[in-house]
Each structure stands twice: as C-alpha cells, then as structure tokens.
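Spelled out from the first residue to the last, the chains are:
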Amino acid sequence: KAGVTQTPRYLIKTRGQQVTLSCSPISGHRSVSWYQQTPGQGLQFLFEYFSETQRNKGNFPGRFSGRQFSNSRSEMNVSTLELGDSALYLCASSSGEGLNEQYFGPGTRLTVT
Amino acid sequence: GQNIDQPTEMTATEGAIVQINCTYQTSGFNGLFWYQQHAGEAPTFLSYNVLDGLEEKGRFSSFLSRSKGYSYLLLKELQMKDSASYLCAVKLGGSYIPTFGRGTSLIVHP
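Chains as they are written, first to last, in this note's numbering: chain A, 1 to 113; chain B, 1001 to 1110.
Simulated from the structure, these hints should not be mistaken for lab results.
A few of these clues could be false.
Computed Cβ-Cβ distance ranges for the label pairs, DEER-style [stated by the list, open to error]:
1. A/T53 x B/G1028: 46 to 52 Å
2. B/R1059 x A/T53: 36 to 42 Å
3. A/Q18 x B/E1014: 24 to 30 Å
4. B/T1044 x A/P39: 30 to 36 Å
5. B/H1038 x A/T20: 35 to 41 Å
6. B/E1056 x A/N77: 21 to 27 Å
7. B/L1051 x A/R109: 34 to 40 Å
8. A/T53 x B/T1013: 47 to 53 Å
9. B/Q1019 x A/Q17: 42 to 48 Å
10. B/H1109 x A/N77: 30 to 36 Å
11. A/N59 x B/L1074: 30 to 36 Å
Anything over 12 Å on all C-beta distances counts as not near chain B; from chain A, calculated [unchecked claim]:
12. A2
13. T7
14. L11
15. T14
16. V19
17. S27
18. G28
19. Y35
20. R55
21. R63
22. L81
23. L90
24. S95
25. G96
26. Y103
Quantities reported herein were computed from a predicted structural model and do not represent experimental measurements.
Where a beta carbon is used, it is the ideal one built from N, C-alpha and C, also for glycine.
Isolated chain A, as found in the complex (with noise of 0.2 Å):
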C-alpha cells in the first residue's frame, strides 16, 4: 500500500500570501487530520476530516482552513500569512475509526520571510 503522500515538500512564501498544501492519505482511510508543528510548540492540531466533513477542530485562527475531496484527498490553506507561521506541515491518515492509529506523510516545510 503506498503511504501518505504531501505536496509540495518545501515552500517559501511572503508574509501576506496565501498559500495551499496537499495530502493523499493511505488508500481506504477516510480521516485526514493536519499538525503544525514547531520547535517551541511541538506538533498542534490543526483540523480532521472525516469523510468530506470536519470532524474535530483545533485552536488556530480562522485564516488556516481545509477541505477534503470524495476521494478523501485533503488540502489546506492558509491566509495572509505571518512570520510565525513558519512550520513543518504534517498530514495523518487514518481509518477514522477505532483504534484510529495514525500514519504520517512526510511534511510539508513552509518557510514565511
């Protein structure tokens, strides 16, 4: 079975930009959940969906988003960006159910100047 896979692997973008990221969860999974995570702040939820549907929410500011395809391909986006955003990007897959164990994708490292 292939694994999760994220898009693009780096990114470098200026503050005020937008910008979306991409990841294919392991086929057959149905949740897609997004982590920021940084050095200070370890990895942060961000937002899960489940089946085309945000299941479960984080506390992050209204200009981070998602969205998930009938395929459950999900993407994620973020507004006007900030210094601070600056993070590695990290998608998990998972069956949504039960044991729920979770398989990361490699990353996305967003870099904000």
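Please arrange chain B on chain A, whose structure you already have, making use of the hints.
Frame of chain A, contents of chain B only:
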C-alpha cells in the same frame, strides 16, 4: 486543556536501556500512543495502550497506569539509530484525535 509532560531530552549509551516517561491529566482518557520521529522525518507509530499494563514489541515496550496518569516507553539494547524524538500522545473522551506532548529528544552515544 490536557497537559502532557515528557522530559525534553535524555541521553543514553549504545546497548543500554532507557525509560522515557509521560504523564497526563486523567480526565476523559481514552488511549495513549507513542510515536518515534527522526530529525527531518515524519512521526512513525510505535505503540498504543488503552488498558493498564505492559505491552512488549521487540526492543520497545510501553507501560500504562490509568489511575496514575502515567506511561513510559522502554527501549532495550539501544542502537545509534534509536536517536530520535519520542512523542507521547493521549486520546480524550470521544475524540479520535490524540493530543501530543512536546516530545523527548533521545541521544544515543557510543
């Protein structure tokens, strides 16, 4: 919120045994994960505990005490490749989403 506490950094010698502790607030507890993350890579699943006791998987074991809000990850016969960050993550109540601790950076030296 859910406080999950782990030591920031630990060092150990190749071939030795190391125990990484994790404590959490017990309210609404519904399962605990351990993940390993090498520098520049994604976290990978190591173990899952929902009942009290020790789960052994090769060189790695994970222990849980729900009443104490305490878990540990035990790594035996340490190898250099075990140098990584170890993340403790706790599931709360009906949520499927675990909350992650900040991780413990383990450095294994010869």
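Structure-based check of each hint:
no., hint, result
1, A/T53 x B/G1028: 46 to 52 Å, "23 Å, violated"
2, B/R1059 x A/T53: 36 to 42 Å, "40 Å, holds"
3, A/Q18 x B/E1014: 24 to 30 Å, "47 Å, violated"
4, B/T1044 x A/P39: 30 to 36 Å, "20 Å, violated"
5, B/H1038 x A/T20: 35 to 41 Å, "27 Å, violated"
6, B/E1056 x A/N77: 21 to 27 Å, "43 Å, violated"
7, B/L1051 x A/R109: 34 to 40 Å, "38 Å, holds"
8, A/T53 x B/T1013: 47 to 53 Å, "49 Å, holds"
9, B/Q1019 x A/Q17: 42 to 48 Å, "45 Å, holds"
10, B/H1109 x A/N77: 30 to 36 Å, "43 Å, violated"
11, A/N59 x B/L1074: 30 to 36 Å, "33 Å, holds"
12, A2, "14 Å, holds"
13, T7, "14 Å, holds"
14, L11, "16 Å, holds"
15, T14, "24 Å, holds"
16, V19, "19 Å, holds"
17, S27, "18 Å, holds"
18, G28, "16 Å, holds"
19, Y35, "8 Å, violated"
20, R55, "8 Å, violated"
21, R63, "21 Å, holds"
22, L81, "23 Å, holds"
23, L90, "6 Å, violated"
24, S95, "9 Å, violated"
25, G96, "7 Å, violated"
26, Y103, "7 Å, violated"
Violation of the numbered hints given earlier is confined to hints 1, 3, 4, 5, 6, 10, 19, 20, 23, 24, 25, 26; the remaining hints are satisfied by the structure.
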